[in-house]
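Can you build the whole structure from these sequences, using the hints too?
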Amino acid sequence: DTGVSQNPRHKITKRGQNVTFRCDPISEHNRLYWYRQTLGQGPEFLTYFQNEAQLEKSRLLSDRFSAERPKGSFSTLEIQRTEQGDSAMYLCASSADRAGANVLTFGAGSRLTVL
Amino acid sequence: AQSVTQLGSHVSVSEGALVLLRCNYSSSVPPYLFWYVQYPNQGLQLLLKYTSAATLVKGINDFEAEFKKSETSFHLTKPSAHMSDAAEYFCAVSGSGSYIPTFGRGTSLIVHP
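Line by line, the protein sequences are chains U and X. Position one of the first sequence corresponds to residue 1 (our numbering), numbered consecutively onward. Position one of the second sequence corresponds to residue 1001 (our numbering), numbered consecutively onward.
Because the hints were derived from the structure by calculation, they are not lab data. By construction, the Cβ of each residue, glycine as well, lies at the ideal position given by its N, Cα and C atoms. Careful: at least some of the hints might be erroneous.
Sample of chain U residues lacking proximity to chain X, with all beta carbon distances greater than 12 angstroms (derived) [said to hold, decoys possible]:
1. G16
2. P70
3. F74
4. T76
5. V114
Distance condition first, Cα-Cα at most 25 angstroms in a straight line; then the derived DMTMM-like pairs of lysine to aspartate or glutamate [what the hints assert, rightly or not]:
6. U:K11 / X:E1088
7. X:K1058 / U:D97
8. X:K1049 / U:E56
Now the structure itself:
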């Protein structure tokens, strides 16, 4: 078990460019989450997958954002036509599908800077 | 709807002193409550969780938290702070539907020698 892996760890891009982040969850976890964290704030929920199905999306997830989880394994989060307001840490987390408290295992995050 | 309020964006203590980080929650259903810690350049890690089994929850590194329904609180404490405890601490609540946790804004713990 290597934990949750996120790549790239850092991305600097110019406004208007597209960026894609990848998340590899813990292999036996079928739930996968994307959160966004800005300076001085806690993680804000973006979207959630159970296996390959995207079950919930936050209002924060504008139409420039798209997330996929093909085959229920890794996930990608793409941001099109980036804006300076997209600069943030993008966190991925996974959890096992069991009743009771849902404990998330987080990756180290992918930091996006939009110039 | 569920939410968490963490009082104090920064808490400063001396090494060896008591640590108290405050968290109040709002939830329309019986909640699950969590404290996570984030060290620099690392992902959030679970410190402890409340799942209704016991109101006093013990976690890693001598941290503990007490669920008080009447006060809708879940404050985090540690009897004696270590320099290595300096980090960002997040309280989170879940409990309805998909059990997606909602996080507070975080409290930065500063430990002075």
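Query - Outside-interface status for G16 of chain U - nearest CB in chain X farther than 12 angstroms - result: holds, 29 angstroms
Requested in this report: Compute the least Cβ-Cβ separation between T76 of chain U and chain X, then decide whether it is above 12 angstroms.
Outcome: T76 of chain U is indeed farther than 12 angstroms from all Cβ atoms of chain X, at 18 angstroms.
Report task. Would you check whether the claim that V114 of chain U is not at the interface survives, using Cβ distances to chain X and the 12 angstroms cut-off? Result -> Non-interface label on V114 of chain U holds, nearest chain X Cβ at 21 angstroms vs cutoff 12 angstroms.
Query raised in the report: Just checking, P70 of chain U versus chain X, shortest CB gap more than 12 angstroms?
Result: Given a closest Cβ separation of 21 angstroms, the condition holds.
Report task. Take the C-alpha atoms of K1058 of chain X and D97 of chain U, compute the straight-line distance between them, and say whether it is at most 25 angstroms. Result -> Judged against 25 angstroms, a Cα distance of about 24 angstroms means the pair holds.
Query raised in the report: Is the straight-line distance between the alpha-carbon of K1049 of chain X and that of E56 of chain U 25 angstroms or less?
Result: Holds: K1049 of chain X and E56 of chain U sit about 24 angstroms apart, inside 25 angstroms.
Query - Nearest-CB test (12 angstroms) between chain X and F74 of chain U - result: holds, 16 angstroms
**Report entry** Straight-line alpha-carbon gap K11 of chain U to E1088 of chain X, limit 25 angstroms
**Finding:** holds, 23 angstroms
The structure meets every hint from the earlier list without exception.
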